[in-house]
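Here the protein sequences come in this chain order: A and B. Residues 221 to 655 in this note's numbering are what the first sequence lists, from first letter to last. Residues 221 to 655 in this note's numbering are what the second sequence lists, from first letter to last.
Take the hints with a grain of salt, since some may be wrong.
Treat identical chains as interchangeable: a pair holds within one or across any two.
[To be verified] Here are the computed lysine-lysine pairs in the DSSO-like style, where the Cα-Cα straight-line distance is at most 27 Å:
(1) LYS367 / LYS584
(2) LYS564 / LYS584
(3) LYS409 / LYS649
(4) LYS606 / LYS328
(5) LYS328 / LYS402
(6) LYS449 / LYS402
(7) LYS328 / LYS342
Hints are computed from structural coordinates only; laboratory data are not their basis. All of these numbers come straight from a predicted model, not from anything done at the bench.
Number of protein chains: 2
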Amino acid sequence: MNQITASIITIGDELLIGQTIDTNSAFIGQELNKMGVWVKRRVAVGDLWDDIWQALDEESQHSDIIIITGGLGPTADDITKPLLCKYFGGKLVVNEDVLNHVKYLFEKVYRRPGPILERNLKQAEVPDVCTVLHNARGSAPGMWFEKQIVTHAKDNIAGTMPNRIFVSLPGVPHEMKGLVEKEVIPRLKAHFETLPVILHKTMLTAGTGESMLAEHIREWEERLPTFLKLAYLPHYGMVRLRITGTGDERQALETELSEQFSKLKVLVREWLVVDDDLSLQEAIAALLRERNKTVATTESCTGGFIAHLLSRDAGSSRTFKGSIVSYDNQVKTDLLGVSEEVLKEHGAVSEQTVRQMVVGGLQKLKTDFVIATSGIMGPDGGTEQKPVGMVWIAVGNAEKIKSHVFNFRFERNRNIEQTAIAALDMLRKFIVTNS
Amino acid sequence: MNQITASIITIGDELLIGQTIDTNSAFIGQELNKMGVWVKRRVAVGDLWDDIWQALDEESQHSDIIIITGGLGPTADDITKPLLCKYFGGKLVVNEDVLNHVKYLFEKVYRRPGPILERNLKQAEVPDVCTVLHNARGSAPGMWFEKQIVTHAKDNIAGTMPNRIFVSLPGVPHEMKGLVEKEVIPRLKAHFETLPVILHKTMLTAGTGESMLAEHIREWEERLPTFLKLAYLPHYGMVRLRITGTGDERQALETELSEQFSKLKVLVREWLVVDDDLSLQEAIAALLRERNKTVATTESCTGGFIAHLLSRDAGSSRTFKGSIVSYDNQVKTDLLGVSEEVLKEHGAVSEQTVRQMVVGGLQKLKTDFVIATSGIMGPDGGTEQKPVGMVWIAVGNAEKIKSHVFNFRFERNRNIEQTAIAALDMLRKFIVTNS
């Protein structure tokens with residue numbers, strides 16, 4: 221099996237000092253993986269000439285394909301383009317197609333008044349040794365280079381010189397994505413005639429930990445064929461289980477993978493949320509669509525985050541109707557009919573309050589199901605009786621309401637996420653078992 | 221100046237195939253940077269023995285400190301611990317402190333029924349050549365190794381052998397963060413007696429692009445002293461400008477940095493949102509606190525995302541009161557008093573609708589300001605008159621309402637984020653200029 225490997229190099233000081241989080245690599249990793257390329261390494265380096273140069277040298281020792289993102293913007297902190305030019309032994313020349321595209325963007329799309337800036341026109345300059353990749357969504361073009369490399373790998377005693385592919389892409393996620401989909405993937409497919417098949421199947425579980433799951437499925441896991449690999453991906457009280465298969469024949473691999481995936485589903489049925497690589501909210505939307513039902517939220521401590529999760533995916537309006545975020549107690553009484561008495565006697569973070577919030581939500585928002593949350597997210601506001609991380613959640617419909625208290629112990633943002641996941645999982649169980 | 225450098229190695233196939241996004245590196249980068257360590261490289265490798273080994277070899281050539289995260293969980297896909305043991309020439313031994321901590325966690329904190337699993341007890345096994353770092357938040361300990369390395373660097377002809385620090389941390393963000401704060405940073409500070417000073421100052425701008433800004437401040441930027449460096453960090457219609465200074469004397473560096481920062485503020489005053497490394501919503505919360513005012517949202521297309529942004533930071537309840545998410549038109553008429561007539565004549569995505577939503581929100585949620593949004597986020601639902609990406613936003617108070625139409629052109633999630641940012645920036649301007 222001829223395994224093609226890739227390295228992703230991201231350029232930018234902001235990645236190293238933690239000012240931005242790298243989401244580009246994840247997208248590129250997914251796309252390469254789908255076409256059968258194994259991403260072997262991801263490297264981030266700063267806006268420094270020597271560090272970028274060295275990364276190009278090193279990664280071309282590791283991988284067949286080197287994807288570079290970032291460092292192509294129009295401002296002075298970008299040094300990537302001149303560096304690439306020198307690295308591949310070319311000189312910068314104006315590319316007429318890119319120039320026309322830049323002019324078109326600034327004149328017709330962005331409609332900037334005045335003449336186009338010199339630094340924007342300079343984006344049309346590309347090394348004469350690359351193939352230009354059209355960036356429909358922005359002014360910085362992608363660039364495709366090929367280079368013969370002397371490898372030092374131990375298993376390559378003769379020092380053969382395979383052709384390495386280097387692709388440089390802008391760092392703006394939206395532009396990078398367009399280029400990967402429209403230009404990079406099709407060209408890579410054409411370049412590498414035979415690629416191995418890489419297949420993944422993923423399921424989502426909730427309600428037990430990584431080690432309990434592992435113990436539970438140990439015998440099955442030990443007998444997995446070597447071309448199948450199981451990964452545990454824990455995330456906030458849920459564990460995704462992913463089987464990855466690598467092979468030459470899609471059909472045979474698919475069959476074996478499906479068989480083992482089915483066995484695993486039976487083994488973990490007690491904790492299984494969904495047998496697909498879906499988020500919890502996607503799984504819920506599917507359940508609601510099947511049953512032709514709708515949901516709304518009445519959130520206090522989660523401040524609209526659950527509503528956001530239920531509305532972020534395409535087609536959400538079929539199942540999600542709206543929300544009353546009652547961050548302030550006044551809103552709880554005015555709009556959700558939570559009684560002053562309950563608030564005084566039991567407080568906003570109480571079983572009585574969240575149950576009344578469900579009732580109020582069903583009346584006002586007219587959906588089949590309502591989720592309600594009220595808790596103390598921190599860092600302040602905790603007391604001995606009601607410490608930071610304590611949350612009441614209720615889910616219900618016209619027939620019944622189920623409520624539960626949780627005690628998370630973490631920092632504010634994690635408590636918000638944990639509450640949302642716990643609430644969505646309560647709703648999921650409520651829909652499935654009607655209990 | 222003795223610049224100490226670090227590499228961060230993250231381990232896990234899920235990072236390479238894009239199934240999870242690496243947020244750990246950003247946190248570690250921030251913390252190291254604050255104490256004056258320059259993060260030179262970040263590398264992600266899969267759960268493969270050779271790849272991890274090679275990364276350790278390579279990064280110890282690049283950096284003085286190598287931080288490793290991930291690969292320490294209790295399940296079978298984790299190979300990091302045995303590898304580290306072999307790499308540093310030790311053997312695995314049971315550490316009594318860790319064992320007692322694991323027992324304590326499983327018996328007293330997690331309260332798992334039945335005996336502790338063998339694989340959890342095994343987490344108490346550590347290489348006998350490391351210093352154990354106590355993980356108060358989980359069962360996998362951190363590990364600190366020191367090793368003399370023969371460097372191949374060109375500038376080190378004599379091949380001296382500096383001591384490298386290797387620190388291995390669990391990949392669960394919450395546990396990793398605790399270890400970095402409580403164990404790693406204090407120990408690094410003790411180990412490296414004199415560290416250079418690294419200082420950053422960041423401001424947020426909105427309303428113009430990276431290249432226009434660069435053009436505007438070119439003369440100033442060209443005259444910056446070499447120990448100060450400017451970075452442009454564009455993000456969804458906003459650009460953060462960050463000046464980074466490196467030096468030996470904190471006082472002198474601080475003075476020079478502040479001086480240049482003030483000059484820059486004056487130059488970009490037209491677009492300045494806030495002269496700090498704050499998010500737009502943090503800047504708004506500060507404005508509202510100063511004026512003792514409150515805000516609520518009535519969101520359609522953003523589905524609660526703006527409410528989430530306004531409530532995610534500590535202390536939000538002082539300024540954010542709640543939200544009516546009217547994803548469905550029924551909610552717009554029932555709860556916000558948007559008239560059937562307006563919906564029929566102008567549609568939900570119209571100036572008239574968002575203005576009525578502001579009025580309804582002010583009445584129902586009783587705040588000083590209300591933000592309303594209604595638009596077509598895609599991928600479906602667009603028409604020729606109202607294409608995907610078209611959004612009406614209104615902000616207002618009891619005296620006046622300001623409304624504006626935007627035409628974003630991107631994918632659903634980006635349209636949601638862009639709408640939120642545009643709406644928050646409209647509110648900011650409304651508060652500041654009362655127009």
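Hint by hint, here is what the structure shows:
1. LYS367 / LYS584: neither (65 Å within a copy, 65 Å between copies)
2. LYS564 / LYS584: Both. Shortest intra-copy (23 Å) and inter-copy (22 Å) distances satisfy the 27 Å Cα cut-off.
3. LYS409 / LYS649: neither (43 Å within a copy, 49 Å between copies)
4. LYS606 / LYS328: Answer is between: at 20 Å across copies they meet the 27 Å cutoff, but 58 Å inside does not.
5. LYS328 / LYS402: Only inside one copy: LYS328 and LYS402 sit 22 Å apart there, 55 Å across copies, limit 27 Å.
6. LYS449 / LYS402: Neither way: LYS449 and LYS402 sit 31 Å apart in one copy and 36 Å across, limit 27 Å.
7. LYS328 / LYS342: Answer is within: at 18 Å inside a copy they meet the 27 Å cutoff, but 64 Å across does not.
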